[in-house]
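Undergrad: As a plain string of letters, each chain reads:
Protein chains: 2
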Amino acid sequence: MKDLAQALPTYEDVIAAHARIAPHIHRTPVLTSEYFNELTGAELFFKCENFQKAGAFKVRGACNAVFGLSDEMAERGVATHSSGNHALSLSYAAGRRGIPCNVVMPRTAPEAKKAAVRGYGGIITECEPSTTSREAVFAEVQEATGAEFVHPYNDPRVIAGQGTCSREMMEQVDGLDAVIAPIGGGGMISGCCLTLSNIAPEVEIYAAEPEQADDAYRSFKAGHIIADDAPVTIADGLKVPLKENTWHFVSSHVTDILTASEQEIIDAMKLTWQRMKLVMEPSCAVPLATILRNPEVFRGKRVGVVVTGGNVDLAKLPWMAD
Amino acid sequence: MKDLAQALPTYEDVIAAHARIAPHIHRTPVLTSEYFNELTGAELFFKCENFQKAGAFKVRGACNAVFGLSDEMAERGVATHSSGNHALSLSYAAGRRGIPCNVVMPRTAPEAKKAAVRGYGGIITECEPSTTSREAVFAEVQEATGAEFVHPYNDPRVIAGQGTCSREMMEQVDGLDAVIAPIGGGGMISGCCLTLSNIAPEVEIYAAEPEQADDAYRSFKAGHIIADDAPVTIADGLKVPLKENTWHFVSSHVTDILTASEQEIIDAMKLTWQRMKLVMEPSCAVPLATILRNPEVFRGKRVGVVVTGGNVDLAKLPWMAD
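Quick note, the sequences are listed as chains A and B, same order. Start counting at 1 in the first sequence, then tack on 28, and there's your number in the working numbering. Start counting at 1 in the second sequence, then tack on 28, and there's your number in the working numbering.
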């Protein structure tokens, strides 16, 4: 496997990424809800990356990686493994540049995501739903194609790309006291850390995680990376572990990591659909679920909430099982 | 029953309404979708009234009626009959003014709408799901309370209020060739006619209706009002017939009325949830369904699409029956 550029990204990389990806992404709107403000006692500003190209924030990092390649590297295409949104974001980005994209996805990933990857021209190889299987299958695919590996969250180009989201949010909302986003592998949170520690170091950064996949929470408390192999949670985008680059940002800049139960995540998701009329994934209901569980942390604060994506299988909504 | 002010509203009434209701409503965003533009060959601009206060455009007309009352009239409260969104919009408006609101609703209306009406402080009396029953039960309620009747769509104050929606859309989008909105009783379409015939008479106005409740379509073709008593359609907001004031606007200014089947409405609704991440009601998927059915009418045009509301029962989504 090709070596990754190991240097950590800088805020200059975020600025360069923003210019590079601007033609390929949406500047997504920030929505507010009087209902949720009253419910939480905080002022919440929802950054709607569910309206983003390819339906998720991950297109920021993917476009930055793809459009930063030299023509020679681009020719061999890109490849990745992903629980879903990075896969379709990389496929989207590769399609915009006209280069091939190979993706390794768990066979249990939502059908809607697999169909979307294929719709953008991505080539899928399935693996078992564990980190071990995913990495093994990927090594075979990467060996066969010689494509440039774009890791879904540990890649510095990806972290710099995700950092453009909180950069936009700071332009769109005045006087934020805190930002909260879901944490899986830590790409979005690392982007927030990178941007905010440079342009607004007074803003608190909270990460939100499912109780049933709380490896980042336990890592944060222990002071070193703890990785679980195959956690089970409805928040399918948040099952992956931290890696060295994201751990650097999480351990250096995150204020705290909060968790929520499966039922709290489902309730928050359903409430958002009902009251804000937003289709969001289970993964991106986790921040609101943790705010509702820990109102004292956020009361009276102006809080930016990253709504990370909206790619959900409408035939398998969690409350259908009720 | 008290006489309605029978004079038709003017565009000056729309301007006055806009100033009156501005503190109580959202200026809703206009969203676009590259996917739907490619699918239809038109440029579509979705005016997202599903993000509106109380979840639907009807809060515009309801607020205009409630906040235009003299203190003496307001004291006795307001009353109405409605298939849902007008009921909760009037309850919301009355609550903001601190006056009582009595509403007659079909017992078959979605639970989510009944709960929302009660949440805003409205007092519900149930009727059978037919126009005949609705009007009979309402007469009793109105007699008992002496409240000011605010008809859900035929009331001139309501039509002037709904006219503020297309006024905003014309400020938000340049060079529209056409506007399309669902038609039930015709309140939103009449508001569009009132505004556009005054400030942009070159803009075509299309009304979209379920095939299974196509009384407005048949009225338009026949040249006089045809009213059905209890049509059956998933688009529960569009079952009511035209009345004299809305018929005036529809017959004078509408370019054409287009229809869609139940399956086409469900498909358009699901596609919007999947691709635009918007929670919208079946009723407001009807315009997109008719655009997809009649692409030749819209191809190459810039089309404003009114997304009328997002109050849907998440436990009873139409594709759950698949």
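These are computed hints drawn from the structure, not numbers from a lab. Take the hints with a grain of salt, since some may be wrong.
Subject to a maximum C-alpha distance of 25 Å in a straight line, what follows is the list of computed SDA-like cross-link-like pairs (lysine to any residue) [unchecked claim]: (1) 298/B / 256/A; (2) 298/B / 125/A; (3) 298/A / 347/B; (4) 344/B / 139/A; (5) 298/B / 136/A; (6) 298/B / 282/A; (7) 298/B / 205/A.
Since this is a predicted model, take the numbers as computed values, not measurements.
Undergrad: All hints are to be evaluated individually against the structure, with a verdict given for each.
TA: Now the hints, each set against the structure:
1. 298/B / 256/A: violated (36 Å)
2. 298/B / 125/A: Not OK: residue 298/B and residue 125/A at ~30 Å, beyond 25 Å, violated.
3. 298/A / 347/B: holds (17 Å)
4. 344/B / 139/A: Given that 25 Å is the threshold and the Cα spacing comes to 22 Å, the pair holds.
5. 298/B / 136/A: Measuring from Cα to Cα gives roughly 22 Å; hence the hint holds.
6. 298/B / 282/A: Judged against 25 Å, a Cα distance of about 38 Å means the pair is violated.
7. 298/B / 205/A: violated (37 Å)
Checked against the numbered hints listed earlier, the structure breaks hints 1, 2, 6 and 7; every other hint is satisfied.
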